[in-house]
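Enquirer: This is what each chain is made of:
Protein chains: 2
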Amino acid sequence: MNAEIITIGDEILIGQTIDTNSAWLGQKLNAQGVDVHQITSIHDDKSAIISALDEAGSRSQLVLITGGLGPTKDDITKTTLTEYFEDHLVIVPEVLIGIEAYFARTGRPMLEVNRQQAALPSKCRVIINQRGTASGMWFEKDGAVFISMPGVPHEMKGLMDDEILGLIAERFPGPPIFHRTIMTQGVGESFLAQKIADWETQLRSQGLTLAYLPSPGIVKLRITAKGFDAVQARSMIEEKIQSFMPLAGEHVFGFDDQTLEQVIGSYLQQMGKTLSIAESCTGGAIAAGIVAIAGSSDYFAGGVTAYSYDMKETILGVNHHDLLTHGAVSSVIAEQMATGIRRLAKSDFAIATTGIAGPTGGLPEKPVGTVWIAVSSAHRTFSKKYQFGHNRARNIEMTTNSALFMLLQEIIRQRV
Amino acid sequence: MNAEIITIGDEILIGQTIDTNSAWLGQKLNAQGVDVHQITSIHDDKSAIISALDEAGSRSQLVLITGGLGPTKDDITKTTLTEYFEDHLVIVPEVLIGIEAYFARTGRPMLEVNRQQAALPSKCRVIINQRGTASGMWFEKDGAVFISMPGVPHEMKGLMDDEILGLIAERFPGPPIFHRTIMTQGVGESFLAQKIADWETQLRSQGLTLAYLPSPGIVKLRITAKGFDAVQARSMIEEKIQSFMPLAGEHVFGFDDQTLEQVIGSYLQQMGKTLSIAESCTGGAIAAGIVAIAGSSDYFAGGVTAYSYDMKETILGVNHHDLLTHGAVSSVIAEQMATGIRRLAKSDFAIATTGIAGPTGGLPEKPVGTVWIAVSSAHRTFSKKYQFGHNRARNIEMTTNSALFMLLQEIIRQRV
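Same order as they appear, the protein sequences are chains R and Y.
Under our numbering, the first sequence has 181 at position 181, and the numbering climbs by one with no breaks.
Under our numbering, the second sequence has 187 at position 187, and the numbering climbs by one with no breaks.
I should point out that these hints are in silico values taken from the structure, not numbers from a laboratory.
Incorrect hints may appear among the rest.
To be verified - Below 27 Å or equal to it, Euclidean Cα-Cα: the simulated DSSO-like pairs (lysine-lysine) are:
id, chain 1, residue 1, chain 2, residue 2
1, Y, Lys346, R, Lys346
2, Y, Lys226, R, Lys73
3, Y, Lys46, R, Lys28
Take the sequences, apply the hints, and build the full model.
Expert: Structure, rendered in structure tokens:
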């Protein structure tokens, strides 16, 4: 079954906003066995919208439309769809109540333009938006389904996850599809591909497929079984995961889109242990990732971003002489930061990062991208050096993932 | 003059890669007065490529194509273009020499598939790629220009900056276009739209256009002047910005895609002042945003993520009795956290956040989304209560932006 995505919004065409919605939709639909074979981005312009709808409807049975549903004048998707499907707008009481509740909750005044967001085409199936004021709309025409959603990512994702993905699966039942994802850290895509080349060839010969999904420091491997019955698919995939582990299991931290923060959080919760973090070059990014997990207050004591020498000394108790002798980016200082924060926060585990994120600040013996990461527990404190690249954002992300992976390995070692 | 972008590659449609090339191209072309009115992403599939070329050529005078130029079997863009333009491939000696030099430089063995990358359509204008082995190709057909480029971002950008943008400007001299963006915080899109309704009507009557670009806590307003000469466009836009300020200037923190972190950083740098941060519910996210700016070590002393009562007391010096009486989410504690971190880090300014990010942990008198933010300087310490929603990630983002905006206002107040 063929699907297309149409994104509507001037901001994408002039490059002010990168279209991340389409990639998210592509992943979700693909996981459900729906092939997205075109993504089209167009202006908030009536004739452009109409011809995109015509073309997409002639090629595909499913057309997902995002954007252009805001309350302001430049958002014309709703009125254009109403005209395209030869319909008229009616106030939908259930939606109006939701919008009123939304404004009551946020304490902001509700305006006539907001009330008008409850006016929706009479013939469409309305999909209630719990996270905002623009509803989803499901239209059918000549056998094709058109679904319009707001462009605000968390609203669109909420509508898809809560309702639309399920409705699509009902409306377009296809061959069953099963996925499992192996999450790896600290190994490059092509190096991993080489390590598992024979395993991959065998996987494909069994009728399974494999996709590599890389991001800085992390490679997800998605195994897909399409057209097999559930029991067979699950056992084939399970067998492949078993045979993967001896080849590259040392890089695996989880499965099925688990994050490092989630895996670490669930171990700490099970063990009743706590964590603290001392950050220099990552500047709070590791702590922010830990705190992003709901319930992290059970195991996260806190963290210190010690950016200056002074804060490293006064708060973390780093030795002044060692700072001068070894420099802040060194094994000694990383380990002192980790033991310092662990003592201060009275936690069971601690991690510390110190490095040169760039783009400036590099030295001949410590170029940009040099990072030391330390892990400390009651049992031992140790550190490891990493050499990343020149891109500041990427270096911070690589350091974050590497530190979390080092911590996870130590937690698992102590748990056994 | 109308332009379109066609991106070719399975990885974009299955959501493995986010298409950042199109946004970059959109910005560059738009700045040059070229309106990108459609972006189309399609599979590495011959019939999909041919129909995309047909459709784009019928609508637009300029078609930019990225992707599908690699040496492997699934990359079919070059052969498809050769067929589409009724041409044949010839080895281009200059390109072959470049490819040989490229492999000599990287020390990798050169294969026959790499040599074949020097085989290019005889009628196209070849644009030499200094950064890789896939050349750019410039075709003309029925008055439309088609330019094919590799999908690797730094190769594509290099070709555009070095040659193609200049060639486009020569080939299509057009009306100039100017944009300015007003960055606002703490005001909803529709509330803002109502405040500036008359201003917006007048703006449109002058032939300018306006777009609202919302993200959590922030609304960007983009003013566009097209077809006016440079002096007139700039003065019209400047006049509109001047008349905007009395209407909603209290929400403005910057212009032209500046971030709060950038604006704050440049003020602190100018003033020679420093900042520290004490975070509870934001868990390090504010510090991470500050540190993401290169050069932030000049003004950022450090931060503490004090998640437990114990860390709030021992590190930040929050009063034990006040914690028990008022609870961690209170004006008193927010202010003690701010003064505590400011003293500890010896900084000029400090901010502190404490709140219930959710989804659990709410109380009848302090529901999920309740947040206190404090700002402290040598002059004064004060705090403000916010009531956000139920989404943890969004609450953290809203708190981050609100805290930075409170800080910025205080910095500006003291600077005057």
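Enquirer: Against this structure, judge whether each hint is valid.
Expert: Now the hints, each set against the structure:
{"no.": "1", "hint": "Y/Lys346 / R/Lys346", "result": "24 Å, holds"}
{"no.": "2", "hint": "Y/Lys226 / R/Lys73", "result": "19 Å, holds"}
{"no.": "3", "hint": "Y/Lys46 / R/Lys28", "result": "25 Å, holds"}
When each numbered hint is compared with the structure, no violation occurs for any of them.
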